[in-house]
Amino acid sequence: MKDFNEYFKLRDEDEENIAQAGYVERFSKIEYAQIERHNRLCNNGVILIDSPGLKEDAARTKMAHNFLKQSQAIIFVLRADKLLGEDEKEFFECYFQPGKINNVFIVVSFIDRAKEQGQQTVDKVKRRTKKFFEDYYLNREGDFDRDFYNRRVFFVNALGALEVRTGIADKAVLNSSGVLELEEELEKFLASPEKVTATFDSTVELLSLIVSNSCEQINQEKLTLDQPLNELEERRKQAEEQLLELEKDKIDIEQTIFFYRDKIKEKLLDDLIGYTQEIKETWQQDSHKLIDIKPLANIKDILLSTFREKSKTKIRNHIKEACTPYIESKLKQWETRIPILIEEDIHEMQKKLDNQLSDFQLKVDKIKRLFTFGKAEEAFIPEQKKAQKIIQAILGGLTLDVSQVTGALMGKGDWLSFLGRRLQEIVLLILVVDVLAISNFLAMALIALFAEGVFIKLQRDAFQREILKKLGEKIPESMREVVFEKRNEFYQAIEEEFEKLASKLTNNLQEQIDGIHEQQEQIIKLKQEGSNSINIEKSRLYLVGEQLIQLFNEVSMVTYGKHFTPEEIQEMSVQRKNIFMAN
Numbered sequence: 001m002k003d004f005n006e007y008f009k010l011r012d013e014d015e016e017n018i019a020q021a022g023y024v025e026r027f028s029k030i031e032y033a034q035i036e037r038h039n040r041l042c043n044n045g046v047i048l049i050d051s052p053g054l055k056e057d058a059a060r061t062k063m064a065h066n067f068l069k070q071s072q073a074i075i076f077v078l079r080a081d082k083l084l085g086e087d088e089k090e091f092f093e094c095y096f097q098p099g100k101i102n103n104v105f106i107v108v109s110f111i112d113r114a115k116e117q118g119q120q121t122v123d124k125v126k127r128r129t130k131k132f133f134e135d136y137y138l139n140r141e142g143d144f145d146r147d148f149y150n151r152r153v154f155f156v157n158a159l160g161a162l163e164v165r166t167g168i169a170d171k172a173v174l175n176s177s178g179v180l181e182l183e184e185e186l187e188k189f190l191a192s193p194e195k196v197t198a199t200f201d202s203t204v205e206l207l208s209l210i211v212s213n214s215c216e217q218i219n220q221e222k223l224t225l226d227q228p229l230n231e232l233e234e235r236r237k238q239a240e241e242q243l244l245e246l247e248k249d250k251i252d253i254e255q256t257i258f259f260y261r262d263k264i265k266e267k268l269l270d271d272l273i274g275y276t277q278e279i280k281e282t283w284q285q286d287s288h289k290l291i292d293i294k295p296l297a298n299i300k301d302i303l304l305s306t307f308r309e310k311s312k313t314k315i316r317n318h319i320k321e322a323c324t325p326y327i328e329s330k331l332k333q334w335e336t337r338i339p340i341l342i343e344e345d346i347h348e349m350q351k352k353l354d355n356q357l358s359d360f361q362l363k364v365d366k367i368k369r370l371f372t373f374g375k376a377e378e379a380f381i382p383e384q385k386k387a388q389k390i391i392q393a394i395l396g397g398l399t400l401d402v403s404q405v406t407g408a409l410m411g412k413g414d415w416l417s418f419l420g421r422r423l424q425e426i427v428l429l430i431l432v433v434d435v436l437a438i439s440n441f442l443a444m445a446l447i448a449l450f451a452e453g454v455f456i457k458l459q460r461d462a463f464q465r466e467i468l469k470k471l472g473e474k475i476p477e478s479m480r481e482v483v484f485e486k487r488n489e490f491y492q493a494i495e496e497e498f499e500k501l502a503s504k505l506t507n508n509l510q511e512q513i514d515g516i517h518e519q520q521e522q523i524i525k526l527k528q529e530g531s532n533s534i535n536i537e538k539s540r541l542y543l544v545g546e547q548l549i550q551l552f553n554e555v556s557m558v559t560y561g562k563h564f565t566p567e568e569i570q571e572m573s574v575q576r577k578n579i580f581m582a583n
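First residue of the sequence shown: 1, per this note's numbering; consecutive thereafter.
Heads up, some of the hints might be wrong.
Okay, derived cross-link-like pairs now, DSS-like style, lysine-lysine, Cα gap no bigger than 27 Å in a straight line [what the hints assert, rightly or not]:
#1 82 to 237
#2 250 to 352
#3 248 to 171
#4 237 to 368
#5 500 to 222
#6 171 to 352
#7 332 to 352
#8 237 to 500
#9 504 to 222
#10 504 to 469
#11 126 to 115
#12 126 to 237
#13 368 to 527
#14 82 to 248
#15 500 to 538
#16 332 to 363
#17 267 to 538
#18 250 to 237
#19 280 to 267
Keep in mind the hints are simulated off the structure, nothing from the lab.
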């Protein structure tokens, strides 16, 4: 523990780095630090992960999100004196669906500060907390579950509890801190089957939607098989016209992605160009930390480099070794700005795509109903439409993860591969051409004297400063040149990620369009073949439905320890739909 504290203790240079770059450079490649302590909460292989705060740093926020996806229990910590900022609300609404989130514990710290201001302040904090979170702690009927809420939401005096356990405060403070109740509930959750239930709960509920929706489609297909052949052929002609409209919708969705692709790539390039000016302004501080100038100040090598290719190569290698950490660090630093730069555009794109995709899914449903019932009216009453759009998008596999593009661009962020290497090549020429181009005999003589130790250290330092100054003039300028020179490669790297997204979505849409074609043709073919083929298909559909129920119950046994009837599965899916409708 002593070594850990010593290594991660902030030093003076770390504080300077935070002030200038916004993060600690020597920690930039550390994903996590592991501390091993004896604690009853960590029995049975439990690992506690303390993730970075929201918006603390783009790369670290992404890291926190990745850990979140792997966690079986989540403790969401808020402050009573700064309750529920916009970032916290947005994060929670993005990652959790209203309903029953069994594995999320809400901890409101600094409640002692609210108590100092009086009971009215405490009551206000509790009201605001309940107002925001009550939709996430519901019972099976979709009503607020107060008892469950009280076992998941805690108001604590964490500092007071810490002071008791470190021997500073009286034990009575611990008893009133709220921490014991939190630990008891956490321990109960982590050591019980409830943890398994929480892990699969939302999955089972989503599975109930899938099974219910699939059974509904099976029943719809059975009904279709009972329709007269001539009516089905006429309906198929009408459906074909509407399928052509879906083709147009697919193209519109692709164009939406390409519109934001072009907008974002221009924004990133403009920012990178502006960044080259920023690094010029911070050169003096950065260069002393990131560039080791000493090997470049070997004047004997410099003098010999005017005559010998071997010495020139040596100088070139020194320049590369000296400048590479700086270039890598600055490009890495720019990379962390990407999510912040494009966040607004990505959210805007997501909102537009969500609407387009969910409308697409509703049209698919209407075309299927037209073929079965001969009607193409709205399949859902207004209050159901929002829920159905969400459900159809989920079932169609068309939900969009905002982090797909930002994460891909951060992952793509080997900016050094197509910007840095060319920049290094230019930097190699800077000193060779400008600093090392010594043709004046007097200058050569002075350097020779310097090499023999005639000049004092002050002049050596002056020479080093001259090298740094020359680099400081040339590197930002060269960086800007490289950005322009490599802009097509830069654009291509960004375009690839958006084109992957467009391809994924449009392929899924095309599969649905093709699937409707194939299904309708198959049904008409069966009708043409006669009643025997129809009865065989109905039997096949019946077996498919039975198999779906069986698969659902294999999961439900692991999660709840019980089987569900088809009616109970339908009821569970209705409850989930009601939650969508209420929000």
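Taking 27 Å as the top limit, are the C-alpha atoms of residue 237 and residue 500 close enough? Given that 27 Å is the threshold and the Cα spacing comes to 34 Å, the pair is violated.
Does residue 115 sit within 27 Å of residue 126, going by the straight-line distance between their CA atoms? Satisfied, since the Cα-Cα distance of roughly 12 Å is no more than 27 Å.
Pairwise hint evaluation, residue 237 against residue 126, where the allowed Cα distance is 27 Å at most: Not satisfied, since the Cα-Cα distance of roughly 60 Å exceeds 27 Å.
Checking one constraint from the list: CA of residue 171 to CA of residue 352, max 27 Å. Satisfied? Distance ~55 Å between residue 171 and residue 352 Cα, so the pair is violated.
What's the verdict on residue 332 and residue 363, does the C-alpha distance respect the 27 Å limit or exceed it? At roughly 45 Å apart (the allowed maximum being 27 Å), residue 363 and residue 332 break the hint.
Are residue 500 and residue 222 close enough, with their CA atoms no more than 27 Å apart? Violated, at roughly 38 Å.
Hint check: residue 500 vs residue 538, CA-CA at most 27 Å. Holds or violated? violated (39 Å)
Quick one, are residue 248 and residue 171 close enough, alpha carbons at most 27 Å? violated (70 Å)
Against the 27 Å threshold, does the CA-CA distance of residue 250 and residue 237 hold or violate the hint? holds (20 Å)
Taking 27 Å as the top limit, are the C-alpha atoms of residue 82 and residue 248 close enough? This hinted pair is violated, its Cα atoms lying about 48 Å apart.
CA of residue 237 to CA of residue 368, is that 27 Å or under? holds (13 Å)
Mind checking the alpha carbons of residue 504 and residue 469 for me, to see if they're no more than 27 Å apart? The given pair, whose Cα atoms are some 50 Å apart, is violated under the 27 Å limit.
In summary, the numbered hints that this structure violates are 1, 3, 5, 6, 7, 8, 9, 10, 12, 14, 15, 16, 17.
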